[in-house]
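S.K.: So the chains spell out like this:
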Amino acid sequence: MELLLHQVLAGLATGGIYACLALALVMIYQAIDHLNFAQGEMAMFSTFIAWQLMELGTPYWIAFVVTLAISFVAGVLIDRVLFRPIHDAPILSHIVVFIALFGILNSLAGFIWDFNVKNFPTPFGSRPLLGSGLISSHDAGMIGVTILLLVFLYVFFRHTRIGLAMRAAAANPQSARLAGIRVGWMIALGWGMAAAIGAVAGMLIAPVVFLEPNMMTSVLLYGFAAAVVGGLTSPGGAVIGGFAVGIIENLAGTFIPYVGRELKLTIALFLIVAVLLVKPAGLFGRRVVSRV
Amino acid sequence: MKMHKSWLFAAALLGGAALAASPAAAQKKYDPGASDTEIKIGNTNPYSGPASAYGVIGKTITAYFNKVNAEGGINGRKINFISYDDGYSPPKTVEQARKLVESDEVLLLFQTLGTPCNTAIQKYMNAKKVPQLFVATGATKWNDPKNYPWTIGWQPNYQSEGHIYAQYLIKNHPNGKIGILFQNDDYGKDYVKGLKDGLNGKLPIVAELPYETTDPTVDSQIVNLKASGADVFFNVTTPKFAAQAIKKAAEIEWKPVHLLNNVSNSVGSVLKPAGFDNSKGILTTIYLKDPTDPSWKDDAAYKEWAAFMDKYYPDGDRTSTFTVYGYLVAQTLVQVLKQSGDDLTRENVMKQAANLKSLELGMLLPGITVNTGPTDFAPIKQMQMERFSGEKWERFGPVLTGGGGAS
Amino acid sequence: MKEDLALAHGLAARRLPFANLLAGWRPAAIAVGLVLIVLLPFVAKNFFIFQLTLALIYAIAILGLNLLTGFNGQFSLGHSAFYAIGAYTAAILMDQADMPYYWTLPAAGLVCLVSGFLFGLPALRLEGIYLALATFALAVAIPQLLKSTPLEPWTGGVQGVVIIKPDAPFGLPINSDQWLYFFTVAVAIVLYVCAINLVRSRTGRAIIAIRENPIAASAMGVNVSLYKSLTFGVSALYTGIAGALGAIAVQFVAPDSFTFFLSIALFVGLIVGGVGSIPGTLVGGLLVLFVPNIAEEVSKGLAGAVYGVILILVIYVMPSGAAGLARLLAGQFARLRR
Numbered sequence: 048m049e050l051l052l053h054q055v056l057a058g059l060a061t062g063g064i065y066a067c068l069a070l071a072l073v074m075i076y077q078a079i080d081h082l083n084f085a086q087g088e089m090a091m092f093s094t095f096i097a098w099q100l101m102e103l104g105t106p107y108w109i110a111f112v113v114t115l116a117i118s119f120v121a122g123v124l125i126d127r128v129l130f131r132p133i134h135d136a137p138i139l140s141h142i143v144v145f146i147a148l149f150g151i152l153n154s155l156a157g158f159i160w161d162f163n164v165k166n167f168p169t170p171f172g173s174r175p176l177l178g179s180g181l182i183s184s185h186d187a188g189m190i191g192v193t194i195l196l197l198v199f200l201y202v203f204f205r206h207t208r209i210g211l212a213m214r215a216a217a218a219n220p221q222s223a224r225l226a227g228i229r230v231g232w233m234i235a236l237g238w239g240m241a242a243a244i245g246a247v248a249g250m251l252i253a254p255v256v257f258l259e260p261n262m263m264t265s266v267l268l269y270g271f272a273a274a275v276v277g278g279l280t281s282p283g284g285a286v287i288g289g290f291a292v293g294i295i296e297n298l299a300g301t302f303i304p305y306v307g308r309e310l311k312l313t314i315a316l317f318l319i320v321a322v323l324l325v326k327p328a329g330l331f332g333r334r335v336v337s338r339v
Numbered sequence: 256m257k258m259h260k261s262w263l264f265a266a267a268l269l270g271g272a273a274l275a276a277s278p279a280a281a282q283k284k285y286d287p288g289a290s291d292t293e294i295k296i297g298n299t300n301p302y303s304g305p306a307s308a309y310g311v312i313g314k315t316i317t318a319y320f321n322k323v324n325a326e327g328g329i330n331g332r333k334i335n336f337i338s339y340d341d342g343y344s345p346p347k348t349v350e351q352a353r354k355l356v357e358s359d360e361v362l363l364l365f366q367t368l369g370t371p372c373n374t375a376i377q378k379y380m381n382a383k384k385v386p387q388l389f390v391a392t393g394a395t396k397w398n399d400p401k402n403y404p405w406t407i408g409w410q411p412n413y414q415s416e417g418h419i420y421a422q423y424l425i426k427n428h429p430n431g432k433i434g435i436l437f438q439n440d441d442y443g444k445d446y447v448k449g450l451k452d453g454l455n456g457k458l459p460i461v462a463e464l465p466y467e468t469t470d471p472t473v474d475s476q477i478v479n480l481k482a483s484g485a486d487v488f489f490n491v492t493t494p495k496f497a498a499q500a501i502k503k504a505a506e507i508e509w510k511p512v513h514l515l516n517n518v519s520n521s522v523g524s525v526l527k528p529a530g531f532d533n534s535k536g537i538l539t540t541i542y543l544k545d546p547t548d549p550s551w552k553d554d555a556a557y558k559e560w561a562a563f564m565d566k567y568y569p570d571g572d573r574t575s576t577f578t579v580y581g582y583l584v585a586q587t588l589v590q591v592l593k594q595s596g597d598d599l600t601r602e603n604v605m606k607q608a609a610n611l612k613s614l615e616l617g618m619l620l621p622g623i624t625v626n627t628g629p630t631d632f633a634p635i636k637q638m639q640m641e642r643f644s645g646e647k648w649e650r651f652g653p654v655l656t657g658g659g660g661a662s
Numbered sequence: 002m003k004e005d006l007a008l009a010h011g012l013a014a015r016r017l018p019f020a021n022l023l024a025g026w027r028p029a030a031i032a033v034g035l036v037l038i039v040l041l042p043f044v045a046k047n048f049f050i051f052q053l054t055l056a057l058i059y060a061i062a063i064l065g066l067n068l069l070t071g072f073n074g075q076f077s078l079g080h081s082a083f084y085a086i087g088a089y090t091a092a093i094l095m096d097q098a099d100m101p102y103y104w105t106l107p108a109a110g111l112v113c114l115v116s117g118f119l120f121g122l123p124a125l126r127l128e129g130i131y132l133a134l135a136t137f138a139l140a141v142a143i144p145q146l147l148k149s150t151p152l153e154p155w156t157g158g159v160q161g162v163v164i165i166k167p168d169a170p171f172g173l174p175i176n177s178d179q180w181l182y183f184f185t186v187a188v189a190i191v192l193y194v195c196a197i198n199l200v201r202s203r204t205g206r207a208i209i210a211i212r213e214n215p216i217a218a219s220a221m222g223v224n225v226s227l228y229k230s231l232t233f234g235v236s237a238l239y240t241g242i243a244g245a246l247g248a249i250a251v252q253f254v255a256p257d258s259f260t261f262f263l264s265i266a267l268f269v270g271l272i273v274g275g276v277g278s279i280p281g282t283l284v285g286g287l288l289v290l291f292v293p294n295i296a297e298e299v300s301k302g303l304a305g306a307v308y309g310v311i312l313i314l315v316i317y318v319m320p321s322g323a324a325g326l327a328r329l330l331a332g333q334f335a336r337l338r339r
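Here the protein sequences come in this chain order: A, B and C.
Read in order, the letters of the first sequence correspond to residues 48 to 339 in the numbering used here.
Read in order, the letters of the second sequence correspond to residues 256 to 662 in the numbering used here.
Read in order, the letters of the third sequence correspond to residues 2 to 339 in the numbering used here.
Excised from the complex, chain A in its bound form:
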């Protein structure tokens, strides 16, 4: 049973990583109604910027805040510059631009900072939490920050005017315009926020997986799965989805005999698909019913 406990806790820790990124994915989905495949690379690039700032001598928290600001602006710019010209194009074409962005960011990061892994500091320290060998303080800190972000997003969307305006713009752009909402800027704001959340995710994840241009590719797989299983319309669902994916994956790897270890990812993903078959809009997503 001790192994079970350990694996669950380890799963919570890695799940924290997925939950973090899943939050960013859901954020952008709420704003633009599609999934940003380049979210992981944007987060990675932001983390490199933070690392570079620290290499130049900036203290951690200042670098953190500056990176958030830069990421926010970059997110807005990417929307305004890259996606505005094609906003009339079919949805599938947008996805190609996401993929292109992925390639550009990955390649650029490799060119500027090379592919060796780099250490990224954590504000939480990496001693085991409370002296126990169960979970490190960084992992606990990561889970804490994710939950904080979640609360922030919840409050933002439910209880602020801008949040409401953003939801309106995403749900029904035509009506929102009629109500006086600047839909274009709402979308840009959504992008900026998603980029900033992604940056937070990247800076939390890098101490665990080590910073290098390919660090987010695998996390993106899991984050994607987590966001979907939780329900793309629900930030809370995304977070729970992240933890669930982390735990399932670890348990599958440990306890399913023979093939469990080799097929961890497969099993986790198929379990998710099974969940979707039962609840096609995700665990906490709302089924959108449209009148025909």
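Treat the hints with care, since some could be wrong.
Stated by the list, open to error - In silico DSSO-like cross-links for lysine-lysine, where the CA-CA straight-line distance does not exceed 27 Å:
1) C:Lys166 with B:Lys401
2) B:Lys295 with C:Lys46
3) B:Lys510 with A:Lys165
4) C:Lys166 with B:Lys384
5) C:Lys46 with B:Lys566
6) B:Lys647 with A:Lys165
7) C:Lys46 with B:Lys284
8) B:Lys535 with A:Lys165
9) C:Lys46 with B:Lys378
10) B:Lys322 with C:Lys46
11) C:Lys301 with B:Lys322
12) C:Lys301 with A:Lys165
13) B:Lys510 with C:Lys301
14) B:Lys401 with A:Lys165
15) C:Lys301 with B:Lys295
16) B:Lys552 with A:Lys165
In case anyone wonders, no lab produced these hints; they're calculated from the structure.
Following the hints, complete the assembly by docking chains B and C onto the known chain A.
M.R.: Relative to the frame of chain A, chains B and C by itself:
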């Protein structure tokens, strides 16, 4: 007198023909890719994609050939090194290899990187009779001159290394229980086989856990390894995952006898991110001079290497053993080409590659030489063990020869 | 949406939208095209022929994806899985059962038809992004399954399987590259003609109707579930045959040759060629093969970035893909003629 003249004429013709056929005039022989002025060499390396960290090797080799060219080339010929990106994807390697051989018409392929990538082109290269020299992988299967006479490896193969670790364990930790973390591909499985063969059942393996390159972390596996009761850890991971494994093991306070595979023993790329304190006591093998080892500071060969890096590859990572690797393997090829002289046919080049006798290269450890023969396609077979002191690697023990041979 | 409706109208009218334009030229154009195709291997280098063969193979794979995503509206990120299944079926049959290469194509097609259909059944409940995830799960799972120990005796595990390229039959005086090119062209022609006929038939209209408005379609008597699953199967069949051809062309299959990056490449090829356009898949195939090479030539260190920039420019210039651009130009041309 006309008869005399025609006889003279015939004699002259015959004499001229005899002269033309004499060995002195038949010296220069070229296959596609070689000429009086240049030798074209082809290569594929992962400059993009998941294995892009290894692209440093390709860059180092390019820099070294620039140096050779600046110093006059080989026997008066410049090296034209054409290196394409294959993103570590075998179908792309096939395409690029065919491009190099059929379109660019190179003389040979050199240091193509990656076990699956080289497997993909091995049959093609041998069918086309184009040398596939000094492949950048330690898989044991490249030492097979009987079936694949055109393919030859270079570095000590993974199974040999596994054997060396096995011998060390049998001698020093006969009651140990082994836990293995390995990358779930050719490279990882080769190491595991080497260790198992070398142990021959003498020590139990209580956990054998794979990971995929698509896994974000190996933390879960480390937790499992500790839980399995293993007190010996055979760490068969590539640099990023090696760093993660070392860090996590320290975090959960698991302190086994830690055997780290040669691929990930770089101070700069692995131990520094993982934390020097966490890496104390780790064991590995080495066959070249690690540039982070201060005992080479005044060594002539090291200084030469450092000067090369300064002049031709200033952006290169001096703490990475990949740059030394690239330097050494390029020197090996240069030796082969020098030995080929003016007979730059593929057959002769291959013959010379299989004819390296006690070749000493400065940046190899003292006592280690490059040796090949018609039935011996394993150029480097020797390694030495070293231990990390918390600051640097310290070699100990004799230079060993691994037992793993051709499979 | 407007463009998609126009396409549906155009197809429903049993004519390609620019058929009017090319009516007189069509037979001549096809004849010229065929002559070029036949002559090409004898004037171009072997390596270029090999590349063209690969491009055509990718085009067939994209055609499969197009049937599902373009014509039926089911979003799939998992076609690398069917490509892999087709490739491994061919490789295993050739390596272990000594089956001649031409029989492996129908075998691969059959295996993929069945697996595609079986996958399509549960996928019926999923829409849009959720279906994308499910297919993505498939794409990620397949390399892992291929590597796994229980399947190793057949798949060769991580080592993969090496196969031999066939030589020209009947002792024809052409080399194996040229032969494979002709073989692939022949298979492609058959597959493309079948696809065009399928799309223009009643079945095709039903498939497109499901994409446009599933509720209306089922109100009109179309068995939506059956057609959706069948389309999955047929789409997988096409991509599987492409995979088998790919295995023969490259002569090697390994789990790492078929990662989800392949799925993404096929997807990009589909969009750039033009969703819902059959000729567009040829453009897509060419793009998948040649643009990465072009990007590398521009800048080795930043090849990925150059590739991304090229993609973005392509989408800006042709937001609906090459087929969309062709339609636009044909429309302008027709207007000029009047």
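S.K.: For each hint, tell me whether it holds in the structure or not.
M.R.: Each hint, compared with the structure:
| no. | hint | result |
| --- | --- | --- |
| 1 | C:Lys166 with B:Lys401 | holds, 22 Å |
| 2 | B:Lys295 with C:Lys46 | holds, 19 Å |
| 3 | B:Lys510 with A:Lys165 | holds, 23 Å |
| 4 | C:Lys166 with B:Lys384 | holds, 17 Å |
| 5 | C:Lys46 with B:Lys566 | violated, 40 Å |
| 6 | B:Lys647 with A:Lys165 | holds, 19 Å |
| 7 | C:Lys46 with B:Lys284 | holds, 25 Å |
| 8 | B:Lys535 with A:Lys165 | holds, 19 Å |
| 9 | C:Lys46 with B:Lys378 | holds, 21 Å |
| 10 | B:Lys322 with C:Lys46 | violated, 34 Å |
| 11 | C:Lys301 with B:Lys322 | holds, 21 Å |
| 12 | C:Lys301 with A:Lys165 | holds, 23 Å |
| 13 | B:Lys510 with C:Lys301 | violated, 43 Å |
| 14 | B:Lys401 with A:Lys165 | violated, 44 Å |
| 15 | C:Lys301 with B:Lys295 | holds, 19 Å |
| 16 | B:Lys552 with A:Lys165 | holds, 26 Å |
Consistency note: the structure conflicts with the earlier hints numbered 5, 10, 13 and 14.
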